Every structure is written in C-alpha cells, then in structure tokens.
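Quick note, the sequences are listed as chains A and B, same order.
For the first sequence, the numbering used here gives the first residue as 1, with consecutive numbering after it.
For the second sequence, the numbering used here gives the first residue as 1, with consecutive numbering after it.
Keep in mind that the hints were calculated from the coordinates and are not lab data.
Note that the structure is predicted; figures quoted are calculated from it, not measured.
The beta carbon of each residue, even a glycine, is placed where N, CA and C say it ideally should be.
A portion of the hints provided could be inaccurate.
What follows is a set of in silico ranges between Cβ atoms, one per label pair, in the way DEER data are often shown [stated by the list, open to error]: (1) Asp3(A) <-> Arg360(B): 53 to 63 Å; (2) Leu279(B) <-> Ala41(A): 49 to 59 Å; (3) Leu6(B) <-> Asp3(A): 46 to 56 Å; (4) Gly371(B) <-> Trp8(A): 44 to 54 Å; (5) Trp62(A) <-> Leu460(B): 16 to 26 Å; (6) Ala12(A) <-> Leu282(B): 39 to 49 Å.
Rough simulated footprint, nothing fancy, chain A against chain B, three-plus residues with beta-carbon under 8 Å [stated by the list, open to error]: (7) 86-97; (8) 121-129; (9) 209-220.
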Amino acid sequence: MFDDLPVWPAYAFSALLLVSLAAGSLLVPRAEVLRGAPDRAHWRDIRLWAVALVAVQLGIYWVFS
Amino acid sequence: MHWLDLIIIVGYLLIIIVMGLRLSRRVHDSRDYFLAGRSLTWWIIGLSIIGTNVSAEGYVGAAGGAYKVGIAQANFEWIGAIPAMIIAALVFIPLYWRSGVYSIPEYLGRRYDQNVRLLAALIASIFALFAIGVALWAIALTLQTYLDWPIWAGIVVTGTVVGLYSISGGLAAVAFTDALQVVIMFLGGVAIVALGISQAGGLENFSTALVAHNPTHLHAYLPADHEDFPWPGVVLGLAIVLSPAYWCGSQAILQRTLGARSQWDASASMMFAAFAKTLVPLLIVFPGLLALVLHARIEYPDMALPWVVRNVLPPGLSGLMFIALIAALQSSIDSGINSTALMITRDIRGVLVKNRDQSRDLVLGRWLTLGILLGAMTIAPYIGEMGGIYFFIQTLLSLFQGPLLALLVLGALTRHATPRGGLTALLTGVPLAGLLLFLGLNMLYVAFVTFCCALTIVWLVSYRTPPLDAAELEQLVYGFGMKPDHDTGNYRSCLTTCRYGRPMHSLRFFW
Chain A
1 MFDDLPVWPA YAFSALLLVS LAAGSLLVPR AEVLRGAPDR AHWRDIRLWA VALVAVQLGI
61 YWVFS
Chain B
1 MHWLDLIIIV GYLLIIIVMG LRLSRRVHDS RDYFLAGRSL TWWIIGLSII GTNVSAEGYV
61 GAAGGAYKVG IAQANFEWIG AIPAMIIAAL VFIPLYWRSG VYSIPEYLGR RYDQNVRLLA
121 ALIASIFALF AIGVALWAIA LTLQTYLDWP IWAGIVVTGT VVGLYSISGG LAAVAFTDAL
181 QVVIMFLGGV AIVALGISQA GGLENFSTAL VAHNPTHLHA YLPADHEDFP WPGVVLGLAI
241 VLSPAYWCGS QAILQRTLGA RSQWDASASM MFAAFAKTLV PLLIVFPGLL ALVLHARIEY
301 PDMALPWVVR NVLPPGLSGL MFIALIAALQ SSIDSGINST ALMITRDIRG VLVKNRDQSR
361 DLVLGRWLTL GILLGAMTIA PYIGEMGGIY FFIQTLLSLF QGPLLALLVL GALTRHATPR
421 GGLTALLTGV PLAGLLLFLG LNMLYVAFVT FCCALTIVWL VSYRTPPLDA AELEQLVYGF
481 GMKPDHDTGN YRSCLTTCRY GRPMHSLRFF W
C-alpha cells in the first residue's frame, strides 16, 4: 500500500509530531504541572522538560536523516 | 570467569537482597505492598520505569536488530517512545494518580464497564505470566553461557533472589532494586561505548567503517518497502498506536507512578524516564553496531551483544556488564510478578468475588506473587519448546492494543465516550484485528487500522447510549479533574471554577 513512498515524509512527520508536542506541552497551565511539587522552582516545570526532550529528539533525527 | 567478575556479581546479589528485605519493614497493608504507600520519589520511579522497560528481548534482541538493520532499531526508543512518554506524563499519569486507582484495568472499569476491567486484567495477567517465564529462561540461558550452570539451577537461583525481595518488599523493593539495576546497566553501557569507540579508532573511523558496507545503517528510517521496518509502519503503527498503548496503558510500567508521593513526582518520573530512554540505544543498539564494525564472527545477529561483552570489555567490566544483563531481566521479572499479583488480587478477584474482604489483600497479594513466580519458574524450562504458544499469546495481546488505546484516549480525554460504546468497540475491534492479521497485514498496520476503527465505534455508539454521571466523570476525564483545596487538603470539583491564572479549558488542545 505504501511501498513506493519516499523516506523524507517520515522525517517531516516526526518533526511535525515533535514540534506539535512541544507546543501542546506549553498549553498545559503551569499550576497544573506543578501540582504537588514541593516548591515552584523553574526546574520543576515539566513542560520545559518536555520541550528539552523534543529538542534532543529533533537533533537526533536530524543527525540520522 | 575472572575472580574480579565473580566478586562483583556476588556483591550485587547481596546488595539487592538486603535492600529488598530492609524495605519490607515498611509494608503494613496492600496499599504499601502494591503502591509503596504512595511514597516513591520521581527519580527512583523514573529509573525503575526504564528497568522494567528494558527487558530480555530488549537487551539482546535490540543489539541483534541493530546489527541487522542499523540505527533504525533505535526508533523503538525514540519516536516509538518519547512522544508517548511526554503525553503520558502530562495527561494520563496526572489523571490516574488523581483518580486514586491501583491499576489501569481499574481505571477502565470505572470509566467504562467492569467487563472491560476483567478482560483487560485477564489478558495482561496471562501474557505477563509467559513474559516472566521467558525472562527467567533468558537469565538461565545467560548463566549457562557464561558460568556453565544447568538451566534448572539458573531458574531456581534467579527465582529465589527475585522472590526474596519482591514477595516481602512489594513495589517499594521492586522500584529501589530496579533503580540500582538501571544505574549498573548504564555504567556497563557507557563502558562498552567508550572502549568500543576506542577500539574502532575513534568516532569518525567508527561511522566510516560502519557505512562502508552498510550504507543505511546510520539512517533512522528505512524505505517503505523494507521487510522488517517499513517507515509508514513505524510511524503509523509504532509511534501513533503501539507506543502510546504501552506507555499510557501498561500496568507494569505505570504502577510505580501510581505509587508516587505526589502528582508532580508521578509526572516528573515519566519525563525523567524519557530522558534516560533517549540514552538507552547506547546500551542496547550500539553494541550491535560495534560488533559489525569490529567484524564479529557470529552466526546470528542476537549473538552481537554477548560477543561484544566477551571481546571488548576487560575483567571486572565484563562482570559489570554481565550483571547489567541479569539486572535488565530481573527488573522485568519483579515488576511483572508484582503488577500481575495486583491485577489478580484487585481487578479479577474484585470483579468476580462480590463483597470481598479487602483486609486480606496484602496476604493474598504475597501468596499470589509467590504463586506467579513459581508458575513462571515451572514453565520457564519449556519456553524454548513453547515458542509457538508464547507467540500466540503475544499476538493475542497485540489484538487488544489498538482498541484498548482508543478506549483510553476517548475515555480520558472526552466526556462523550459511554460504557456501552467502550465495550462495543472492544468486542468488535479485537475480532477485526484478528481478521486483518489472518489476512496477512503487517502487525504495525493492523494496530493503526483497529485503533481508528475502535475510535469511530466508541464515538458513534456513544451518541445512542447513556453516559456516566457528571460526578463520576469529574475524576476520570482530564480537564475535569479534582483540584486540591488548600484549606482542607482534600480534592474538590473544578468543573465551574478555576483558581489558576489560565482556565482549564485551554486543555481542550488534547481532547
């Protein structure tokens, strides 16, 4: 069904998925992700962890494209 | 075996047994046993998640896969894991944690129907029993290869060691020993990478030598007509269905997040695990590539990792790597028996036995943990001959992945899904998956098609069938969860009010 497709859409899809996830993560209210945290330090904001993860993944797929 | 290796192995076994037995003092009831008394901190859970995730087939099979197809094997750790882990951390885990459930089948039972709970728990438990048997068999095989132990001796020793800390200490012992095991795995992996690259003459020589005869081995995606890893299958089946079904719905993985001391710890643990997961290919994929570069003379790809351990690592470090292999397998076994005991105690018994005495859950849970371990030890020596049965059960489990994910997604993110809609989707989606597999469609595509069909069925049937009460949905649907009352410490409804700066409705992005 998909046998004749080139490979580049795979990388494009991955990039789109990852960037959408990063953007989506930032839509979650900060108070929601910090619920139950011992303090409000910036490093505890796991939305930023998600953005960092996405950046690393984008780098990996760029290197191995 | 070198004496230094032997000392390291014996020392490791003593440490995990003592650690497990000490943690057993904290266990007073079933909540302590199955959820560690909701006391676990984020980094312990994160490491434990990775320990549970990197299994027998993960460690040895991934190195073999990398030897065969190259870095594309790492898609299981990257696009086939990270997006789903982020979604799990931000959406599903907070929901599960707040709703106070012990298991994912329990969540499905509360959101849909007790039959869905029973079915999900039964399938997961049967599969787990065989998966534990496979892991025990793999350890015994490893011990036979390295130490010339008979298979039965490897199974008995491993079962005894794992049993000592798992039966007595419950989830807390499992999580802490898993964390230690993962640290050892990473130490062994880093040693292989450093020494391997050094033997290959540096990173540049390594990559040049690798692609000289294997031009696609450093490409993350393989052509669409590739026999094993066609990229549309990886993207549609793995990234969109199988991976979220696993990371957002696997009891063995998520149980430790339900034992977190706070919602933040639960979510942060999965994010931390995602960072560690990004590095997992160094442990399980790189050895396969290294074997290729160093021109290993091996008969089968799965022999790549043992070859690297024997030929690249010096004494002491080879003992450490041997422990890393055993640790990877042990952490899968202990998590499997603990989560299966939980599902049988609470989900299967809870549905089948009305008015059960919950005070007996701890005793029953411990006996079940022992029973499951003994059952897996009994079937482990015959796993080699039962490959067909194991494959059948694995296939059976895979039939449920698409429909179950559809139930989780619509159940957790919308109020529209009804109990009847969920049950209908499950009862029609599973036979459809079986039919598509029977017709010869690749498993990755089957997962995607059945997921889409189940989504549609839940949505359509839910128009005609009654939903749950709004009060019940509050705890079970994301965005309508309960908020902590800072005065009382209890949770209260946030359906109509929101004290935070941004309204909860901004979360509609996820619906």
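Status of each hint after checking the structure:
1. Asp3(A) <-> Arg360(B): 53 to 63 Å: holds, 57 Å
2. Leu279(B) <-> Ala41(A): 49 to 59 Å: Because 24 Å falls outside the window, the suggested range is violated.
3. Leu6(B) <-> Asp3(A): 46 to 56 Å: holds, 53 Å
4. Gly371(B) <-> Trp8(A): 44 to 54 Å: 53 Å Cβ-Cβ, so the 44 to 54 Å window holds.
5. Trp62(A) <-> Leu460(B): 16 to 26 Å: violated, 41 Å
6. Ala12(A) <-> Leu282(B): 39 to 49 Å: Taking Cβ atoms as reference, Ala12(A) and Leu282(B) lie about 27 Å apart, which means the hint is violated.
7. 86-97: Holds: 5 residues of the segment 86-97 of chain B have a Cβ under 8 Å from chain A.
8. 121-129: That given contact is violated, which follows from only 0 residues of the segment 121-129 of chain B lying within Cβ reach (below 8 Å) of chain A.
9. 209-220: Since three or more residues must qualify, the claim that chain A covers the segment 209-220 of chain B holds, with 3 doing so at under 8 Å.
In summary, the structure is inconsistent with hints 2, 5, 6, 8 from the numbered list given earlier, while agreeing with the others.
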